[in-house]
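Novice: As a plain string of letters, each chain reads:
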Amino acid sequence: MIEAINLSKIYPATDHTKEVFALKDVNVKIDKGEFVSIIGLSGAGKSTFLRCINRMNTISKGKMIFNGEDITEYAEHQLRDIRRKIGFIFQQFNLVKNISVLNNVLIGRIGYNSVWKNVLGKFSKEDIEKAKHYINEVGLIEKLKVRADNLSGGQQQRVAIARAVVQEPDVILADEPMASLDPKLSDVILGLLKKFNSENNITILLNVHVIEYAKKYSSRIIGFNKGEIVFDGKPNDLDHHTIEHIYKQDKKELENL
Amino acid sequence: MEKELILKPGKFEFTKKLNKILLTVILLQVVFISFSAVEFSIPKLIDGLPNMWKFLKGLFPPDFSIFPQVLEAVIITIQLALIGTILSALIAFPLSFFAARNLTSEKSIIGKIFRWFTQLIFNVTRSIDILIFALIFVSAVGLGPFPGVLALAIHSIGMLGKLFYESIETIDKGPVEALESVGASKTEIIRWAVLPQVMPYFISYFLFRFELNIRAAVVLGLVGAGGIGFLLNQYMMLFRYQEVSIILITIIALVLSIDYLSSKLRKIVL
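Protein chains in written order, with numbering that gives the first Met the number 0: chain A, 0 to 256; chain B, 0 to 269.
Worth double-checking, as some hints may not be accurate.
Label pairs and their computed distance ranges (CB to CB) [as the list claims (entries may be wrong)]: (1) B:Phe-113 / A:Asp-14: 27 to 37 angstroms; (2) B:Ile-109 / A:Ala-12: 27 to 37 angstroms; (3) A:Asp-14 / B:Ile-25: 33 to 43 angstroms; (4) A:His-132 / B:Ala-252: 54 to 64 angstroms; (5) B:Phe-92 / A:Ser-113: 16 to 26 angstroms; (6) B:Phe-92 / A:His-132: 32 to 42 angstroms; (7) A:Pro-11 / B:Glu-168: 25 to 35 angstroms; (8) B:Phe-113 / A:Lys-62: 31 to 41 angstroms; (9) B:Pro-199 / A:Asn-135: 26 to 36 angstroms; (10) A:Pro-11 / B:Tyr-259: 13 to 23 angstroms; (11) A:His-132 / B:Ser-126: 27 to 37 angstroms; (12) A:Lys-116 / B:Phe-92: 21 to 31 angstroms.
Below, a list of computed lysine-lysine pairs in the BS3-like style, where the Cα atoms sit at most 25 angstroms apart [as the list claims (entries may be wrong)]: (13) A:Lys-84 / B:Lys-185; (14) A:Lys-17 / B:Lys-106; (15) B:Lys-266 / A:Lys-96; (16) B:Lys-266 / A:Lys-60; (17) A:Lys-96 / B:Lys-172.
In silico contact screen, one side only, chain B against chain A (beta carbon under 10 angstroms); selected entries [as the list claims (entries may be wrong)]: (18) Pro-42; (19) Asp-171; (20) Gly-173; (21) Val-175; (22) Ala-177; (23) Ser-180; (24) Val-181; (25) Gly-182; (26) Ala-183; (27) Lys-185; (28) Ile-189; (29) Trp-191; (30) Gln-241; (31) Lys-263.
In case anyone wonders, no lab produced these hints; they're calculated from the structure. The structure presented is a predicted model; accordingly, all values stated were derived computationally and were not measured. Positions of the beta carbon are idealized from the N, C-alpha and C atoms, including for glycine.
In isolation and in its complexed conformation, chain B is listed as follows (with noise of 0.2 angstroms):
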């Protein structure tokens, strides 16, 4: 044991030095092979600047007749976030209460087997992007903001339920025992000591998962879930570069203002 513990310091500073070299030295290597896999080449990007120029002259000066069509197909975009936001958050709010540690208890199964499930459901949703489940219901349902807005609420449930769960792990336990004191069943635990500490939470969670779900829904459109993302994948394939200009100022303005409103909403709970 004592015989172990007395390394010579030298030796010992040598070898992490050469742990140090040997894993710059790998590091390095997968860096390189990355950059020849992507085909990364600054020629490449010089010779494609004419076409971008092109592109960015094309933008002006932007074609506002389209406007009230633009303002429909943003309309449709915020109403697939909502909806989507929505229904995920239905969902997840109450297995959220079956997978928090500190509401199952502890001996037994039947508690156990809820939470492993309900957190493999937050995992699993979580984890699959929203593009993808997009695809897999644009080919079950078809075309349009249907598939889109399961695609949304789909991954959203992942994500609000961990939130939703990890905030309710975190809740002061003094109330909880209060209410076991004066004799409460779990549901009215849960109704008088846990829903007032975390709906705060749950309401700021929602609103950052709806400013989320916009952006997404942008970008739903363009695999043919309609809204603004939709509108924009046309015109550009019709190379209309001044009426895509319009589109994409609506979407930096809805984006923008979403933000600020959520983040301003989100205060105001918390």
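Bound conformation, chain A alone (with noise of 0.2 angstroms):
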């Protein structure tokens, strides 16, 4: 379903800095209905792979498969017919401050509608009927015409997640969903995640920096280190060897940090 081929991104050279590869020659295949955890430190290039997938970054050399298509080369407009396909939760929930719950929902549902539907703001009533479903889902119902700004952080982040379930995605990629929440939180976010993934068989790719929750809620982990893929296999297979491995840095960049 998703299918990165020698897959680099490299940001060129500048006067200050020599070219970084931030991904280099990543080789993955991620089948329909995966929970597929992807761990490691802070510039792994963790965020640059999943932007890589619904093309947010551009792909410096490789290729991306998306459901049988090559969409490296993908222009602007053909980004649609994928994109509406791909659900993207982000750490800073991202939602449209000062419009209601359900507006924020529907948003999911634009690269499915006519642009001048959307700019016009009429959708359809099965968009509406669908968005407040998954806002019933996420246990949100009664916010429903609330201004998103006046909720809390888990709460936002659960209508972020509405709002990528009701693009009905083929997968979701979660991008540190919980990394500016509560620890009390992650379990409900990641628990709404898993759901959606047995029920409904959306694949999930979650990146995330705690090993437990990889092990607790996923049936894959993907251990990243500067840019390459250093583990790939069952939750079981982590022992604490491939874990220092994955988080192991060079003495040299730890005095640079």
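Once you've looked at the hints, go ahead and assemble the two chains, each given alone in its own frame, into the complex.
Specialist: Okay, here's the thing in structure tokens:
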């Protein structure tokens, strides 16, 4: 379903920096329905990898295949068709703060409607029903008309999850979705992702830095180190030695921090 | 390299002090020359005091009989400011999206040209005063409120446009990314991620500009653009100070109440 072939993301050298490989020859294949956790240090290329899948990042070398199509070189207008099938959940929720919860979730339907209908804000009855359905699923139906900035952080992230699932996506990419929340809420957020993974058969790719959560929720774990995949396997195969390998840092880099 | 760094501290302090003294002398010269250039003179001011007293005495008692006429002129002044502000907002609103750095792509040359051009329009219209525009338009379309409206509108485009595009440039990028991630096009991103964020600011700036335009519209009457300023000018030239006094009272009441209203409204939208 998602396949990266020799995928590299290179930031070219500037006057002050050397050329940086954010991703280096990444080869990975992810099947429909998997719950994959991606672990690694910050700067290891986890976010870059997710953003290459929905092409929010350009790809320097190699290929990205989504649903059998090579999307590496897709132009802006072609991206609409694949992006509507890929939900994205951000660390900072990224809701539109001064519009209602319902309208925030309806934004997830934009990729399916004509531009002028979206601009006029004319969503079909079906879209509104779907939005309400998923707002109910994340437990916020009583907040339907509330402005997004009147919600707590955890509630905002649940709205963001509803916005992603209302896209009826094949995959949801979640980039550190609990990193800016109270740790108590992690199970709520991940529980919702797990639920949509098993009930709606949505593939989940989760960037996470707490290994316990990766082990608890996912069926597969991928470890990144300096843009390269250094581990790919079942949660049970992840022993102390491999974890150390994934989180290995050069002494020199540590000094620079 | 290292030799240059080791400056003798005493010498350095001395040149610093000398620079300060020199700068002070130059500034004093400039101020002194300017005072004499504008023919500033205290005796002249004292000589003029009796005239000023005569004028102030003439203001009382205010003649309320012309109040209906004053009210009519005030309404024209308000209409002048309102139409001028609306016209400028209608033009500045779409242009500001071309001027904002974060909406035009860095690579596109057409985008750059548009941005440069709209910013030029804003800077030029903003830097030419309303009165100068009024003089130009009076000579083009004749006396009356119409040239006044044009002057207000053109000048306000610059200020509103600048405020508009600057508030677009400071939006939170998060919602824009979220819209991109669901597959939204540029128009849809503007509609759902940009507009909701900037609209409260746009309304607030509109009200603020209306407030300024009320004051400007009063002055515009003096150059023949109608309204309360025009009436004031007429009675001044006839030396009918009792009528002038009621006009001045009305102007003060108008400006204060519009200021109050607009600040109340702005608090609501922000």
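Novice: For every hint, state whether the structure bears it out.
Specialist: A quick look at each hint next to the structure:
1. B:Phe-113 / A:Asp-14: 27 to 37 angstroms: Holds, at about 29 angstroms.
2. B:Ile-109 / A:Ala-12: 27 to 37 angstroms: For A:Ala-12 against B:Ile-109, whose Cβ atoms are near 29 angstroms apart, the range 27 to 37 angstroms holds.
3. A:Asp-14 / B:Ile-25: 33 to 43 angstroms: Holds - the Cβ-Cβ distance for A:Asp-14 and B:Ile-25, about 40 angstroms, lies within 33 to 43 angstroms.
4. A:His-132 / B:Ala-252: 54 to 64 angstroms: 57 angstroms Cβ-Cβ, so the 54 to 64 angstroms window holds.
5. B:Phe-92 / A:Ser-113: 16 to 26 angstroms: holds, 24 angstroms
6. B:Phe-92 / A:His-132: 32 to 42 angstroms: Between B:Phe-92 and A:His-132, where Cβ atoms are some 37 angstroms apart, the hint holds.
7. A:Pro-11 / B:Glu-168: 25 to 35 angstroms: About 26 angstroms separates the Cβ atoms of A:Pro-11 and B:Glu-168, which means 25 to 35 angstroms holds.
8. B:Phe-113 / A:Lys-62: 31 to 41 angstroms: holds, 35 angstroms
9. B:Pro-199 / A:Asn-135: 26 to 36 angstroms: At roughly 30 angstroms between Cβ atoms, A:Asn-135 and B:Pro-199 fall inside 26 to 36 angstroms, so the hint holds.
10. A:Pro-11 / B:Tyr-259: 13 to 23 angstroms: Violated, at about 57 angstroms.
11. A:His-132 / B:Ser-126: 27 to 37 angstroms: violated, 56 angstroms
12. A:Lys-116 / B:Phe-92: 21 to 31 angstroms: holds, 22 angstroms
13. A:Lys-84 / B:Lys-185: Holds. A:Lys-84 to B:Lys-185 sits at ~19 angstroms (cutoff 25 angstroms).
14. A:Lys-17 / B:Lys-106: holds, 23 angstroms
15. B:Lys-266 / A:Lys-96: holds, 18 angstroms
16. B:Lys-266 / A:Lys-60: violated, 52 angstroms
17. A:Lys-96 / B:Lys-172: holds, 12 angstroms
18. Pro-42: Violated, because the Cβ-Cβ distance from B:Pro-42 to chain A comes to roughly 62 angstroms (cut-off 10 angstroms).
19. Asp-171: holds, 8 angstroms
20. Gly-173: With a closest approach of 4 angstroms, the B:Gly-173 hint holds.
21. Val-175: holds, 8 angstroms
22. Ala-177: At 4 angstroms from the nearest chain A Cβ, B:Ala-177 passes the 10 angstroms test, so the hint holds.
23. Ser-180: holds, 4 angstroms
24. Val-181: holds, 5 angstroms
25. Gly-182: holds, 3 angstroms
26. Ala-183: holds, 5 angstroms
27. Lys-185: holds, 9 angstroms
28. Ile-189: With a closest approach of 9 angstroms, the B:Ile-189 hint holds.
29. Trp-191: With a minimum Cβ separation of about 6 angstroms from chain A (threshold 10 angstroms), the hint on B:Trp-191 holds.
30. Gln-241: Because about 52 angstroms separates B:Gln-241 from the closest Cβ in chain A, which is outside the 10 angstroms limit, the hint is violated.
31. Lys-263: violated, 20 angstroms
Hint compliance for this structure: hints 10, 11, 16, 18, 30, 31 are broken, all remaining hints hold.
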